[in-house]
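Trainee: In order, the protein sequence lines correspond to chains X and Y.
If you count the first sequence from 1, position 222 lands on 222 in this note's numbering, and the numbers rise without skipping.
If you count the second sequence from 1, position 278 lands on 597 in this note's numbering, and the numbers rise without skipping.
In case anyone wonders, no lab produced these hints; they're calculated from the structure.
C-beta atoms are modelled at their ideal positions from N, C-alpha and C, and glycine is treated no differently.
Fair warning: there could be bad hints in the mix.
Unchecked claim - Just the calculated beta-carbon pair ranges, DEER-fashion:
1) I20(X) with E733(Y): 53 to 59 Å
2) S656(Y) with A16(X): 34 to 40 Å
3) S523(Y) with T3(X): 56 to 62 Å
4) F472(Y) with S279(X): 27 to 33 Å
5) P612(Y) with L12(X): 17 to 23 Å
6) D687(Y) with R225(X): 34 to 40 Å
7) R225(X) with F472(Y): 25 to 31 Å
8) S523(Y) with L12(X): 55 to 61 Å
9) P241(X) with Q473(Y): 18 to 24 Å
10) R738(Y) with L151(X): 53 to 59 Å
11) E2(X) with A720(Y): 55 to 61 Å
12) R711(Y) with E2(X): 46 to 52 Å
13) D687(Y) with R236(X): 29 to 35 Å
14) N127(X) with N391(Y): 33 to 39 Å
Stated by the list, open to error - Some chain Y residues near chain X, calculated using beta-carbon distances under 7 Å:
15) M375
16) A404
17) G408
18) T410
19) A421
20) L425
21) V442
22) R445
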Amino acid sequence: METVLFLARRLLQALAVVLIVTVVVFCLLHALPGGPARGILGPQATAEQIAAFNHEQGLDRSLPVQYVYYLGNLLQGDLGTSFTLNEGVSRLIEQRLPKTLVLTVLSALVGLLLAVPLGMWQAVRRNKPADYAITTLNFIAYSTPVYFLGLVLILLFTQTLRWFPSQAPQGDTVAQVLADPAALVLPVVTGAASMVAVFSRYMRSATLENLSEDYVRTARAGGARQRAILFRHVFRNSLTPVVAMLGYYVPVLFGGALVVEQLFNYPGMGLLFWSAAQSSDYPVLLGCVLVISVATVVGSLLADVVQRIVDPRVKVGRA
Amino acid sequence: MSGGILDIGHLDVTFSTETGDVPAVCDISLSVRPGETLALVGESGSGKSTVALAAMGLLPGTARTSGRVTINGTDVVNASEAELARLRGRTASMVFQEPATALDPLTRVGRQIAEVVRNHRPVSAREAAREAVELLRRVGIPDPERRASAFPFQLSGGQRQRVVIAMAIANSPDLLIADEPTTALDVTVQAEILDLLRGLAADSGTGVLLVTHNMGVVADFADRVAVMLRGEIVETGPVEDVLLRPAHEYTRRLLAAVPRLVVTEPGEVRAPVEAGTAVVELRDVTVDFGRGPRGVRALQDVSLTVGAGETVGLVGESGSGKSTAARVALGLVPPASGSVALFGTDLGRTRGRARRALLSGVGVVLQDPVASLDPRMSVAECVAEPLRVHRRGMTAAQRRARITEVLELVRLPEELMHRGPRELSGGQRQRVSLARALVLQPRLLVADEPTSALDVSVQRTVLEVIAELQAELGFACLFVSHDLAVVQEFAGRVVVMRAGRVEEQGPTMSTLLRPETDYTRRLIAAVPVPDPVLQRQRRAALGAGA
Numbered sequence: 001m002e003t004v005l006f007l008a009r010r011l012l013q014a015l016a017v018v019l020i021v022t023v024v025v026f027c028l029l030h031a032l033p034g035g036p037a038r039g040i041l042g043p044q045a046t047a048e049q050i051a052a053f054n055h056e057q058g059l060d061r062s063l064p065v066q067y068v069y070y071l072g073n074l075l076q077g078d079l080g081t082s083f084t085l086n087e088g089v090s091r092l093i094e095q096r097l098p099k100t101l102v103l104t105v106l107s108a109l110v111g112l113l114l115a116v117p118l119g120m121w122q123a124v125r126r127n128k129p130a131d132y133a134i135t136t137l138n139f140i141a142y143s144t145p146v147y148f149l150g151l152v153l154i155l156l157f158t159q160t161l162r163w164f165p166s167q168a169p170q171g172d173t174v175a176q177v178l179a180d181p182a183a184l185v186l187p188v189v190t191g192a193a194s195m196v197a198v199f200s201r202y203m204r205s206a207t208l209e210n211l212s213e214d215y216v217r218t219a220r221a222g223g224a225r226q227r228a229i230l231f232r233h234v235f236r237n238s239l240t241p242v243v244a245m246l247g248y249y250v251p252v253l254f255g256g257a258l259v260v261e262q263l264f265n266y267p268g269m270g271l272l273f274w275s276a277a278q279s280s281d282y283p284v285l286l287g288c289v290l291v292i293s294v295a296t297v298v299g300s301l302l303a304d305v306v307q308r309i310v311d312p313r314v315k316v317g318r319a
Numbered sequence: 320m321s322g323g324i325l326d327i328g329h330l331d332v333t334f335s336t337e338t339g340d341v342p343a344v345c346d347i348s349l350s351v352r353p354g355e356t357l358a359l360v361g362e363s364g365s366g367k368s369t370v371a372l373a374a375m376g377l378l379p380g381t382a383r384t385s386g387r388v389t390i391n392g393t394d395v396v397n398a399s400e401a402e403l404a405r406l407r408g409r410t411a412s413m414v415f416q417e418p419a420t421a422l423d424p425l426t427r428v429g430r431q432i433a434e435v436v437r438n439h440r441p442v443s444a445r446e447a448a449r450e451a452v453e454l455l456r457r458v459g460i461p462d463p464e465r466r467a468s469a470f471p472f473q474l475s476g477g478q479r480q481r482v483v484i485a486m487a488i489a490n491s492p493d494l495l496i497a498d499e500p501t502t503a504l505d506v507t508v509q510a511e512i513l514d515l516l517r518g519l520a521a522d523s524g525t526g527v528l529l530v531t532h533n534m535g536v537v538a539d540f541a542d543r544v545a546v547m548l549r550g551e552i553v554e555t556g557p558v559e560d561v562l563l564r565p566a567h568e569y570t571r572r573l574l575a576a577v578p579r580l581v582v583t584e585p586g587e588v589r590a591p592v593e594a595g596t597a598v599v600e601l602r603d604v605t606v607d608f609g610r611g612p613r614g615v616r617a618l619q620d621v622s623l624t625v626g627a628g629e630t631v632g633l634v635g636e637s638g639s640g641k642s643t644a645a646r647v648a649l650g651l652v653p654p655a656s657g658s659v660a661l662f663g664t665d666l667g668r669t670r671g672r673a674r675r676a677l678l679s680g681v682g683v684v685l686q687d688p689v690a691s692l693d694p695r696m697s698v699a700e701c702v703a704e705p706l707r708v709h710r711r712g713m714t715a716a717q718r719r720a721r722i723t724e725v726l727e728l729v730r731l732p733e734e735l736m737h738r739g740p741r742e743l744s745g746g747q748r749q750r751v752s753l754a755r756a757l758v759l760q761p762r763l764l765v766a767d768e769p770t771s772a773l774d775v776s777v778q779r780t781v782l783e784v785i786a787e788l789q790a791e792l793g794f795a796c797l798f799v800s801h802d803l804a805v806v807q808e809f810a811g812r813v814v815v816m817r818a819g820r821v822e823e824q825g826p827t828m829s830t831l832l833r834p835e836t837d838y839t840r841r842l843i844a845a846v847p848v849p850d851p852v853l854q855r856q857r858r859a860a861l862g863a864g865a
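For reference, chain X alone in the conformation it holds in the complex (with noise of 0.2 Å):
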């Protein structure tokens, strides 16, 4: 009952963020300078032609106005027409989105799997050698941009080693996809790498404060060998803080998504994204950051749900 209750709540509460984006990007979009019409009909047409595609879009009217169109529109499942590819948005995000959902989740599996026992490695081995080692190779891999390392590993992995197709999969479904991994691995690669630099480094210094918990010396007094200490205590309780962080993490996979997606010619939500903003192609721009902040909510959601299951005391705190 009480999870219930809380579900309930926190569904509202997601729910209430997702509209409160939407009106923020409306607004954003159209105090854009230029517009569409120009775009999409070209350095030659009239202003009366502009005129005329402003007008059959509904955008000459107040933006208000605009705004509780399309929020009724939206309500009825109907995201609109993207300007450009002369098709419905919620049919072209159908078609990316399990792509970039295949390219992210994988990227924060792998990421994670290898973040959280590197980050326990790295407290347990604390300023020796191996510790220094790693943290330096984190802060190479987190300050690196996105698109620079993975222009690298292209370079490195596809010219001169050839072990890695350049391309990702160009299949449609995510069938297709995972049925060529082989040319999946650069791209997860270069999407996890700044997952493995920043959560490796949260897993480190969870397991560190964790370590110098009371109750691990309790468990010491005990009798208990390191190895039990670690994996039986400070593991799960060194795990919930990285959890939480998760949830906040989903926004910035999709921004890697998108240079990826770009990198290694995937074409999912990143690079529909990418070019539906060269072209102010609004319900597509508006779709896919609808797409976006539903994600979030959920991915915190998600976390918040894990952490009341790994943590009883979570349920006592807050509801």
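Starting from the known structure of chain X, fit chain Y onto it as the hints suggest.
Mentor: What follows is chain Y alone, placed relative to chain X:
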């Protein structure tokens, strides 16, 4: 000395820090024999906990140890981690001070106990779980089958400490090291835990090394006492000798500083100051924290008065509402119903500037001398702050003069003025808090456990300073404390609180010597007095009465 379960010979422990080596323990020798309890007493920083940790091989990596520590003949100083792991929890085990943090928050308590069992004996998980339930029963946890699956946060402080004890006795150790095992607990709970430890030690012939600063606990529990001062043992002997006929000068001073609860004949009765008009009056105050099913009623129809110039002690166990009542008097917590009058003015009806003026007549000193001073402000700035808020017209020179004056009042040397709080000792910090409270010449001082975080000798000085200043300046004092002995010495009247209500109130001496309610009687009976002979009589009387 040898033949003990624990033998320590010429132990030296040095901590290496960034600013150089700090010796913590110098040339300590002691031994604990089977079935015997040795109390290691001393003030903070005397190295007593370091000795306890060294005995278990639990010192941090920054510590360097030399000398001899053996447990049942096994060398601890030169043992490998694996050897130590075999020893810990089986031959020797440990109970810690802070039950709130001593248990893994994410693991059910039954599992944590079972883990200790399985660390040392090849039993099945099911068998270990059954033993865990049995151990919980032995340490007096009600409904142990169900409680075994509780998480630590679902248990009270006393129950958590019982769980820690259950872990410690899981493999019937020969040696039990208890490091301030009852310091974080209420007196009534402390009495239960001490009874439990005493019973367990007597049943199994376990030797106990008890580390404590509380002489009452020593008198209640120990057979022999070793007194530590700055890393060295200055005196060792049977408990009666050390507590009643101390040989060393330091032990004498330490014992003289311990506030003693007068429990038998009325001592020198401090005549209650003739209370003038009420400076603060709580009338039928009720306070709720939170609303709905999660809400907690912190105070229920609490009425109390502090008259001009008098000191009222507010006592009770943790959670009894004594701090909340003090906060109501400070205007920090608005009552849900009832009224608060400060200097004859209804605080609830006063707003804005008038309210600020009213509240400037109240000074406050809180428990934690570290947390209640801004670490980024110098002593002078800390003390000047109330002046900046309430005496806007003052010039910098006037302010400086007033600060100098107040620091002198609380006996702080002027040269400390520009130091940060971190560069001061605990007692000095608390005197800075006091100076800040007194700088506006308040008519009421609210002191919430002002000396609870301090060593007894420091507590003695701080209390003396407050008493002297009160005599000189004539402010009234609402003195919140869990320590009945301190209140008995310090307050003319006492208000006993329990579960948000006033249980009884009256002149301190008569209330504490002839309490009217069972609750107060139990509270007083639970306080161990630092006299082993008297304490044994009290316990016997208590046992006969029960």
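Trainee: Each hint should be assessed against the structure and marked as holding or not.
Mentor: Structure-based check of each hint:
Range check, I20(X) to E733(Y): Cβ separation about 57 Å, and the 53 to 59 Å hint holds. Between S656(Y) and A16(X) the beta carbons are some 36 Å apart, a value that agrees with the proposed interval 34 to 40 Å. Taking 56 to 62 Å as the suggested C-beta distance range, the pair S523(Y) and T3(X) does not conform, at roughly 45 Å. The supplied range of 27 to 33 Å is broken by F472(Y) and S279(X), whose beta-carbon atoms lie about 55 Å from each other.
P612(Y) and L12(X) have their C-beta atoms about 20 Å apart, which keeps the hinted 17 to 23 Å range intact. For D687(Y) paired with R225(X), a C-beta distance near 37 Å keeps the hint of 34 to 40 Å intact. Checked against the hint of 25 to 31 Å, the pair R225(X) and F472(Y) passes, with Cβ atoms roughly 26 Å apart. With their beta carbons about 58 Å apart, S523(Y) and L12(X) fall inside the hinted range of 55 to 61 Å.
As the Cβ distance of P241(X) to Q473(Y) is approximately 22 Å, the hint placing it in 18 to 24 Å holds. R738(Y) and L151(X) have their C-beta atoms about 56 Å apart, which keeps the hinted 53 to 59 Å range intact. In this structure the hint that E2(X) and A720(Y) lie 55 to 61 Å apart at CB holds, the actual value being about 60 Å. A C-beta distance of roughly 51 Å is found between R711(Y) and E2(X), which places it inside the suggested range of 46 to 52 Å.
Separation of D687(Y) from R236(X) is about 31 Å and conforms to the stated range, judged on CB atoms against 29 to 35 Å. Here the CB-CB span from N127(X) to N391(Y) is close to 36 Å, well matched to the stated 33 to 39 Å. The interface hint given for M375(Y) is met, as the beta carbon of that residue sits about 6 Å from the closest beta carbon of chain X, less than 7 Å. With a cut of 7 Å, the hint placing A404(Y) at the interface with chain X holds, because the nearest CB-to-CB distance is about 5 Å.
Residue-level restraint check for G408(Y) holds (minimum Cβ-Cβ distance to chain X is 3 Å; threshold 7 Å). For T410(Y), the interface hint is violated, since its Cβ never comes within 7 Å of a Cβ in chain X; the closest pair sits about 9 Å apart. For A421(Y), the interface hint holds, since its Cβ comes within 7 Å of a Cβ in chain X; the closest pair sits about 5 Å apart. Interface hint status for L425(Y): upheld, as the beta-carbon distance to the closest one in chain X is roughly 5 Å, under 7 Å.
Checking V442(Y) against chain X by beta carbon gives a least distance of about 14 Å; that is not within 7 Å, so the hint is violated. A least Cβ separation of about 18 Å between R445(Y) and chain X goes past the 7 Å threshold, and the interface hint is therefore violated.
Going down the numbered hints, you'll see the structure goes against 3, 4, 18, 21 and 22, while the others check out.
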